[in-house]
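**Student:** Each chain, written out:
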Amino acid sequence: MSSVEFKGVSKAFGRTVAVEQTDLVVQQGEFFSMLGPSGCGKSTTLRMLAGFLTPTTGRILVNGRDITDLPPEARGIGIVFQNYAIFPHMNVYDNIAFGLVERRQDKATIRRKVEAALEQVGLTGYGERFERELSGGQKQRVALARVLVIEPEILLLDEPLSALDKKMREEMKFWIKDIQKSIGITTVYVTHDQSEALTMSDRIAVMNEGRMLQVGTPVDIYEKPASRFIAEFIGDSNLLDVTVVKSNGTRCDVDLGDGLIVPAHVSDTVRLTPGSSAGLLIRPEMLRLAPALKGEGPRLTGKVVDRVYQGALRRYHVAAGRHELVVEVPNRPELSPLSPGAEVQLFWSEESGVAVP
Amino acid sequence: MSSAPQIEARRPIGVNAKHLRWLLVVPLTIFFVVFFVVPVGLIFATSFNPQTIGQVSVTWDLTLENYVRFFSRSNYLMAAGRSVLLATLVSLITLVIAYPMAFVIAKTENAARNTVLLILVLAAMQLDMVIRIYGMMVILGDNGLINQMLAALGITDPDQPVQFMYNFLGVILGLVQFSLPFMILTLVGVIRGINPSLEEAARSLGATPRRTFLRVTLPASLPGILSGSLLVFALSISSYIVPALMGGFRVGVLPIHIFQQVAEGARFQFGATIAVILFLISAGAVTVYLRVGARHSGGLA
Ligand SMILES: Nc1ncnc2c1ncn2[C@@H]1O[C@H](COP(=O)(O)OP(=O)(O)OP(=O)(O)O)[C@@H](O)[C@H]1O
Ligand SMILES: [Mg+2]
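One line per chain: the protein sequences are U and Y, in this order.
The numbers in full-length UniProt numbering rise by one with no breaks, and the one at position 87 of the first sequence is 87.
The numbers in full-length UniProt numbering rise by one with no breaks, and the one at position 194 of the second sequence is 194.
Please keep in mind that the hints were generated in silico from the structure rather than gathered at the bench.
The reader is advised that the hints may include incorrect statements.
[What the hints assert, rightly or not] In silico DMTMM-like links for lysine to aspartate or glutamate, alpha-carbon gap of 25 Å or less:
#1 LYS7(U) <-> GLU20(U)
#2 LYS113(U) <-> GLU200(Y)
#3 LYS139(U) <-> GLU200(Y)
Using the sequences plus the hints, can you model the full thing?
**Tutor:** Here it is, written out as structure tokens:
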């Protein structure tokens, strides 16, 4: 069942179009992320869903009901902001009780629900505290408890982790995902951090300049990106300039130059025409290095230009003809380091080469 | 290549910056001492000298007789009460008028419209108070615009105009007019500083715009309400020119009494006593306000 539906939704501020015509369906219980660089229209999309902005065109449906003209308070949608927006003049208890008070629930019910919410987010005993007496992570928990306690149909999160330090971010990532899964709430999550999106999401929409470029599972997005922009935005990437030789649905052959033709995959949302130029994406961790000819599948011959030690792995920069590639090699004893200047073969399996327009 | 010399060049500046700070602090301190601490200290000292008409200088002859006199005369006590009442009423009235105006200005996002609104508010401050009061006389006087209009409409008898001036009401009107820009500017700053996502969070938690205003915006602007009222209270209780001109010396507030003691009677010691009491009332108000502020913002003043 579709939980959220955008039908031809767009938003313009004066002459700037923040969100282009968008059609989108988020399923019941799904963790859906919008991922894209700053200013690409993620927050605008979310704020239209929350009811803080009116779409310029189109309709928004929640559980089949058209909510486009409803004010935020009538939508039953909870939102957690980047800055948490904890009411500074209320303690944690009153913050969490806010929505219940607005719903005119009786004191005993409110007390029971707030205590349960505090327990759910691991803040039992923090009810008397004020915002400035909380750490970033605790504010985050209060903001989430405040929203979950009203049992919204949809949960919206606008970059909720970006104000936290790295360690806290890692921790909260899994914590939010756990809570989301345990209550099965449909969630729309906004971030510009690809690792957050990949870890937490059921599906991801990659956005740029107000447009949803690709919508798919994390595996789709990472392994079968539909464009160069997506390939480069998500993860580290080697993008080689190639010419499409032959195209057949989700497979194709591309020319790496000098008549070196290799097979590659293509996202099923993309059609490549033979003769057109394209990019061949090979992730650094998908490449293998060997000093001599061995193994099978597509390969390139090159020379190590640079080597960077990164603890868990070594990154090599390899020049192969007109291409320059980055290769990540796990730091294991049997893979002895190669020195700059060494002649090497680069291998990858057919599956890990993806052609992008 | 250029970074090394830059670092070298920065060091001496760092040392200079320290000296610079002292260079800035010292004149400020001197200014503060010369123009604030010394005069206020002299007034305090003078108030403990016996009343001697015409004597300005401070002596070691200390007495409490001026204070005894102040607190044993009902007209001075009533003047103090009148001053407090006046300043309180002016603060309240100014707040009630200023808040909606400040709210509109703060929430006006269009930059051009916002500037126009602020200029209108500031325009009221561009003229000296005396000139503004004469302007108010044109409107509020016995033959002023309002009375002419009321008479023309047959609401009042032309021979018995409504007394807007030379009474307590006139002083209130004058002080409210004088205080409005201060209050508005203070409130605009605070209301604008309220994180808009607080209001959005309230809305999405189920609060209507009215409830959001009552439960979030208004409490969040409490610091502005307190500091604005405090400012207006202090301006009003110490104002001499407005009670003098709008009250026609008939509204005996403390500054009027000070003026009469000092300028008319050359009774510097008793004038100083009234000034000290006025100062203590203001200081007391500040303390009360800060306490209230601390309570309502959860310990944060
Ligand atoms: N109220 C507004 N008035 C005018 N332009 C706006 C407004 N809000 C957003 N925009 C513009 O719309 C575009 C998209 O903004 P949006 O806030 O949705 O970006 P975002 O993807 O959330 O970026 P970020 O990651 O920086 O939060 C931007 O170009 C922004 O300048
Ligand atoms: Mg944003």
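**Student:** Going through the numbered hints above, which ones does this structure break? Give me the numbers in ascending order.
**Tutor:** Violated hints: none; all satisfied.
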